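Peer 1: These protein sequences, in sequence, are chains A and B.
Taken in order, the first sequence gives residues 1 to 260; the numbers are from the numbering used here.
Taken in order, the second sequence gives residues 1 to 282; the numbers are from the numbering used here.
Hints listed in this document are in silico derivations from the structure and should not be mistaken for laboratory results.
Because the structure is a prediction, the values reported are computed rather than measured.
Do not take every clue at face value.
Calculated cross-link-like contacts (lysine-lysine; reagent style DSSO-like; alpha-carbon spacing at most 30 Å) [as the list claims (entries may be wrong)]: (1) K278(B) - K100(B); (2) K137(B) - K139(A); (3) K100(B) - K34(A); (4) K138(A) - K137(B); (5) K100(B) - K137(B).
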Amino acid sequence: MELVSPTYFAKEKIQTVQDYVEFSAHAVANLFRKPFYLADMLQQADLIGVGSLPIVVLTGFFTGAVLALQASNTLERFGSITLVGQLVSTSMVRELGPVLTSLMVAGRNSSGMASELGSMVVTEQIDAMRALGTDPMKKLVTPRVVATVFMLFFLTIISDLIGLVGGLAIAKLLLRLDARQYWYNAWETLVFQDVFMGLIKPVIFGFIIATIGCFYGMNARGGTQGVGRATTQAMVAASVIILAMDLLVTRLLMATLAYH
Amino acid sequence: MSAPALPLGHTERIKEDNSAPAIIFEDVALAFGDNQVLREISFQLARGETKAVFGVAGSGKSLILKLALGLIRPDSGRIVVLGQDLSDLREEDLFVLRAKIGMVFQESALFDSLNVRENVAYRLMEEHGIYDDDIDKRVREVLRFVELEHTLDLDPAELSGGMRRRVAIARALITQPELLLYDSPTGGLDPVTSNTIIELIVKQRDVNQTSALLVTHRLQDAFSMATHQWDRQNNRMVPLPPGQHCQVPLSFMILREGKIIFDGDLQALAHTEDEYIKEYIS
Numbered sequence: 001m002e003l004v005s006p007t008y009f010a011k012e013k014i015q016t017v018q019d020y021v022e023f024s025a026h027a028v029a030n031l032f033r034k035p036f037y038l039a040d041m042l043q044q045a046d047l048i049g050v051g052s053l054p055i056v057v058l059t060g061f062f063t064g065a066v067l068a069l070q071a072s073n074t075l076e077r078f079g080s081i082t083l084v085g086q087l088v089s090t091s092m093v094r095e096l097g098p099v100l101t102s103l104m105v106a107g108r109n110s111s112g113m114a115s116e117l118g119s120m121v122v123t124e125q126i127d128a129m130r131a132l133g134t135d136p137m138k139k140l141v142t143p144r145v146v147a148t149v150f151m152l153f154f155l156t157i158i159s160d161l162i163g164l165v166g167g168l169a170i171a172k173l174l175l176r177l178d179a180r181q182y183w184y185n186a187w188e189t190l191v192f193q194d195v196f197m198g199l200i201k202p203v204i205f206g207f208i209i210a211t212i213g214c215f216y217g218m219n220a221r222g223g224t225q226g227v228g229r230a231t232t233q234a235m236v237a238a239s240v241i242i243l244a245m246d247l248l249v250t251r252l253l254m255a256t257l258a259y260h
Numbered sequence: 001m002s003a004p005a006l007p008l009g010h011t012e013r014i015k016e017d018n019s020a021p022a023i024i025f026e027d028v029a030l031a032f033g034d035n036q037v038l039r040e041i042s043f044q045l046a047r048g049e050t051k052a053v054f055g056v057a058g059s060g061k062s063l064i065l066k067l068a069l070g071l072i073r074p075d076s077g078r079i080v081v082l083g084q085d086l087s088d089l090r091e092e093d094l095f096v097l098r099a100k101i102g103m104v105f106q107e108s109a110l111f112d113s114l115n116v117r118e119n120v121a122y123r124l125m126e127e128h129g130i131y132d133d134d135i136d137k138r139v140r141e142v143l144r145f146v147e148l149e150h151t152l153d154l155d156p157a158e159l160s161g162g163m164r165r166r167v168a169i170a171r172a173l174i175t176q177p178e179l180l181l182y183d184s185p186t187g188g189l190d191p192v193t194s195n196t197i198i199e200l201i202v203k204q205r206d207v208n209q210t211s212a213l214l215v216t217h218r219l220q221d222a223f224s225m226a227t228h229q230w231d232r233q234n235n236r237m238v239p240l241p242p243g244q245h246c247q248v249p250l251s252f253m254i255l256r257e258g259k260i261i262f263d264g265d266l267q268a269l270a271h272t273e274d275e276y277i278k279e280y281i282s
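Just chain B, same shape as in the assembly:
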């Protein structure tokens, strides 16, 4: 399935300091009452890398995204996002950092009282106050990227689940964030729509080299992302030639009972000796 090309401006990103990881978690722990959900979670997300996070329901995957965004605070440990230690930041300071991060929530979390145009333009409206031609242009651009320009004046209730998910992606992308956080972007969607969402994520990964943390329970989506790339010439997702899978900046992380039991690339995952992991990916 082909999608319209991004305007030239989007493909020429100013490269930030690539040596510092986008996300660093150091011994992060989180409990809710007596339930220790996360224990000594330590990992890094390199710039431009996409990390797919897996785990059974209740393993704390979504919490990692919320911790990275500063929506919740850990009980212990250190979290550094885009070079800033979150424990040093107050809520007002976090707002400034969040301008560089885009998040796609599990159920899209579109604002019911606003239409698609207002939802997508939300952050820009908060900054500029008036919906002017510039904002309109950017809204249309990003909706074109997700192929939903025709839904500008519709309400979220009038959209299908897949369309809401795509609008949520558009809302996250409009400020061209350095880091993207996806919470089960294909959860509850049919295979065709899921494929559409994965294509958008691959396009975003390959065209803009955005760092991303993707929480999902669908292994097939992650394998798709590991074995395909975005063809800019033809504007579609194409399989990688055999033997080139390592060139895609995608890694896997598996959580179990609050701990990370695997963190590596596709090769390492395919050759793991761990019985639980082998059963999980079979």
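For reference, chain A alone in the conformation it holds in the complex:
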């Protein structure tokens, strides 16, 4: 096995990060440059948003349900079983809703974008697009970024709600708790900081999902093998970065939003 020089390895990684930042900045800058491909944005919003709805609903429901189940076990020991609603609500809204929804969407869409764009690169369709006078960044990348950020925001809201429904199902059917009390506690416990945190995360994660997927796709090289590699790398990178950013964002918001 050939050993790679650590300097070369480090330089390559830093170069990739630089290229990614440049790529993302370009994608955002295109929002202020004509032409605007609104039809493509709407189409992507449909594919990414509506297309991911089933998986997001399922994820939300089962996450909420298992949260309630696990929580009940612990809360019962302290005689606080009625707090299930609060626990499911704050966990889903602040953390699990945004993160798990983003991971599911990353798995589905980040890899999808990488494989679609990667296939276009290796079959010279991107070159053909440039030859025909269209900027592939404006036509392909920016619409995907906008659509993902926009739709992930709403998908997270849906996931949070369905998660609460999942928690309710367990609370009512297994734990024999009162549904109205569950909903009241779930609603009442939420404060602005919780909702703000829970909704700023999908915006950031959506940006990560789309830019990572498109970045790996547009830089795919080496035929079908290259496309396969790009697809896997996109999914892995997007997932890892989402988890890392989650920690950063949570800490930052906790420090700045005066949590009590």
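Could you slot chain B onto chain A? The hints should help.
Peer 2: Only chain B this time, still in chain A's reference frame:
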């Protein structure tokens, strides 16, 4: 094989300044990592001329087309296309220049998510936004030129290799470009289909006097083009009378290890003393 005549509008081209070459390459060099693919490439393509570029696989032929289109930048040297120095142009400016250039890619590079109609109309749709009757008329016209009007609503996956190549040619021709770049237009095709493609290229050359750079590994295609012309009366490709081969604006260029080892017409190629070239064309 006969093909439908082009509408009158296509045959009356406004002649641009014919003295300036369509393409000028001056000492162009390009390397990928340690691999120096092109070294000191210098040539010119006159207006209305077709230049067939040959070389073994990996000799950098396709890169010359991509350099001419500004899809990649050279490491050094100067490239002037249709009077504009590419090194002075940003990507946005290149889009304006590319409106006058048509390129046919090696594997056609049709957009998978669009059907034939949308592929061919692509550039016009980007400019006008709406697929109206005018665009439809031009799409049908150019598909008729390549004899594929019946494939309007098909997807690229439903077409054969030869049909995809012809649709790619139609897509390149729809804006009546001044310069055409062909990357192995007959690569991977059977002899009959290859002949169809060559006829289209000859028709385009003789009827519209478009300048063209044709990258190919098939000598027989280039010899066909050098010894035939388009008969407008009967709408088919016919052999040139003997002794008239020099009247066809076709030249040959051969690349070897990143350098040009031959650049001249059919006569010069036939009388070359270079052993490598003689072996290459035998």
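Peer 1: Given the hinted pair K137(B) and K139(A), is their alpha-carbon gap at most 30 Å?
Peer 2: Judged against 30 Å, a Cα distance of about 26 Å means the pair holds.
Peer 1: Please work out if K100(B) and K34(A) have their alpha carbons no farther apart than 30 Å.
Peer 2: holds, 21 Å
Peer 1: Straight-line Cα separation of K138(A) and K137(B) no greater than 30 Å?
Peer 2: holds, 28 Å
Peer 1: Checking one constraint from the list: CA of K278(B) to CA of K100(B), max 30 Å. Satisfied?
Peer 2: Violated, because 36 Å separates the two Cα atoms, which is more than 30 Å.
Peer 1: Do the alpha carbons of K100(B) and K137(B) lie within 30 Å of each other, as the hint requires?
Peer 2: Holds, at roughly 20 Å.
Comparing the model with each numbered hint stated earlier shows that hint 1 is the single one that does not hold.
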